[in-house]
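Protein chains in written order, with my numbering: chain A, 124 to 376; chain B, 254 to 618.
To be clear, the hints were calculated from the coordinates, so they are not data collected in a lab. All values reported here derive from a predicted model rather than from experimental measurement. Since no wrong hints were added, every one of them can be taken at face value.
Each pair of labels, with its calculated beta carbon distance range:
| # | chain 1 | residue 1 | chain 2 | residue 2 | range |
| --- | --- | --- | --- | --- | --- |
| 1 | A | G305 | B | L583 | 36 to 46 Å |
| 2 | A | P243 | B | T286 | 38 to 48 Å |
| 3 | B | F450 | A | G193 | 53 to 63 Å |
| 4 | A | S234 | B | G542 | 24 to 34 Å |
Once the Cα atoms are required to be at most 20 Å apart in a straight line, the calculated EDC-like pairs of lysine to aspartate or glutamate come out as:
| # | chain 1 | residue 1 | chain 2 | residue 2 |
| --- | --- | --- | --- | --- |
| 5 | B | K265 | A | D253 |
| 6 | B | K266 | A | D270 |
| 7 | B | K266 | A | E249 |
| 8 | B | K430 | B | E418 |
Glycine included, each C-beta is placed from N, C-alpha and C at the ideal position.
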Amino acid sequence: MTAMLETKNLGISFGGLKAVDGLSLKIEKGRLYGLIGPNGAGKTTAFNLLTGVYKPTMGNFFLDGEKLTGHNTIEINKKGIARTFQNIRLFKQLSVLDNVKAGLHNGHKYSTAEGILRMPAFFRTEKEMDKRAIELLEVFDLAGEKDYLASNLPYGKQRKLEIARALATSPKLLLLDEPAAGMNPNETQELMDTIRFVRDNFDMTILLIEHDMRLVSGICEEITVLNFGTVLAQGETSKVLKDPEVVKAYLGD
Amino acid sequence: MKNLNNMNKSTKKNMVTYGIVLAMFIFCVVYTTTGMASHLFRGLLVPVCVNVILAISLNLTVGILGELSLGHAGFMCVGAFVGSVFSMAAEETITSVWIRFPLAFLVGGASAAVIGLLVGVPVLRLRGDYLAIVTLAFGEIIKNIVNNIYLATDVNGIHFAIGVESYNNITFDAATKRVYINGAMGITETPNDSNYFVGFALIFITLIVILNLVHSRTGRAIMAIRDNRIAAESVGINITKYKLIAFVISAFFAGVAGVLYGHNLSSLVATKFDYNYSILILVFVVLGGIGSMRGSIIAAVILTALPELLRGLSDYRMLMYAIILIVMMLVNNNETLQMYTQKWFGGLNIKKLFTAAGSKKKGVS
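Next up, chain A with everything else stripped away, as it sits in the complex (with noise of 0.2 Å):
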């Protein structure tokens, strides 16, 4: 069985610096796949290879053993990647709907002029997208706010409206950059709960960056430490956060 995500010896450098140097991992489908790793440790720069924000100097990625080197943001997107952000990025004078429904822009199509013109083409793919946002609104808990602009709602809710988003655009593979950022405890476990909803309901491969440690242990079933770039240990959650080389990068000597 090929692997949802595989990337062998993905690496980028910035000058002489080796920001992410030789990660490979491999994600089989349906899991929840952890990378953790200190600050700086090049989590959110593998994140922007595998999306084609940047593109690797080294290396090669595959999606459902598709090779997506050298792909473009959008072209990735569309071959099923989809992402959240660490710093959020909400469009954030849009309602709440309209973030989702603009997720879905690639899934429901119309052409320019059939919008213009309000064509048959318009009112059926609108009240389709309307129905979807709406299902996919429902999951998170956000129904409710759909008329609400973005930048209105609480923190807690714009990370889980991000990860409605992504979800739109029906990846095969869903990247959560540290999704619990800035939540209490309480939201952190309202949020496990969900990830596992997804994962389970959407046949979802998701693949987190996270620093909450209980949020970790509590839902990935396998994890890759990241440590200057380097990959300092990977395998079955349990086992690797016990490793003490891993102990060791978390907590100095």
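Once you've looked at the hints, dock chain B against the given chain A.
For chain B alone, coordinates are given in the frame of chain A:
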């Protein structure tokens, strides 16, 4: 009534905008047909329509796409000249003004859109101040090129020249010579087809197209790019494509406004479409509220009429104009004053009538 409450918030907002334009139109019809309108008022009607169309179309670039463009008058210039030349050339072949004039709008708008596309491809790679500077330069370039174009026909065919020297080198058959564009002297024989009926019809068309665009899949993509380019890319929205669509449609309607402008005056010169005009259009948009079509319309009407109404002040006219501009901006953003208006006119609920927040509360729950 229930139907009205269930109506989408944005649809409601749009209806108010259409309503305002319709009310303005009815007022103009009543006022002019009853003979109360002064000569000045009649003369202002078409320029007001031109400026309203310009303001709405620039708002698409500035408010919806979120990019500052300072070359809008350049696209208007292209539309005005192409439209006028078309009308002059077609005057004998297409005698019906009902066919010729709409065609002139299409030709003028399309040529402005083509120039918009040519300018947009390199320019839209830039952002913010850089984009503003380059669009400003392009506007001036277009103006200066048009200012030096000579176009004439005679029995031998079409003669085209850039620069007065090369024009003077052409030998014409004097009997059949007809000058279309005479360099800095511009065009002087455009048929005066414009009137405020056509103007208002065009305002409605512009509004319908742009509001429908904004509230569609394309508009959502454009606004997503404005709000967060990186996130828009991450959900698979093609940045270049949608920026260009917005920019080109904006240029198209600037061209249409140019055609209306060109057919209103007996002489059309390129120097009119300078940097000051671009800034004036931007002032309509900024003063009316960036992104608010209704605001742009109202600001364009007031600021077009204002210099004429202040004519009695002669030398102090532009001084007063500037003071009124500053006062309007201060008043619009003054919280204390808004509080007082709320207090005094709260019962009238002016705010509720005119803002989205008011109409939303009725719809939800």
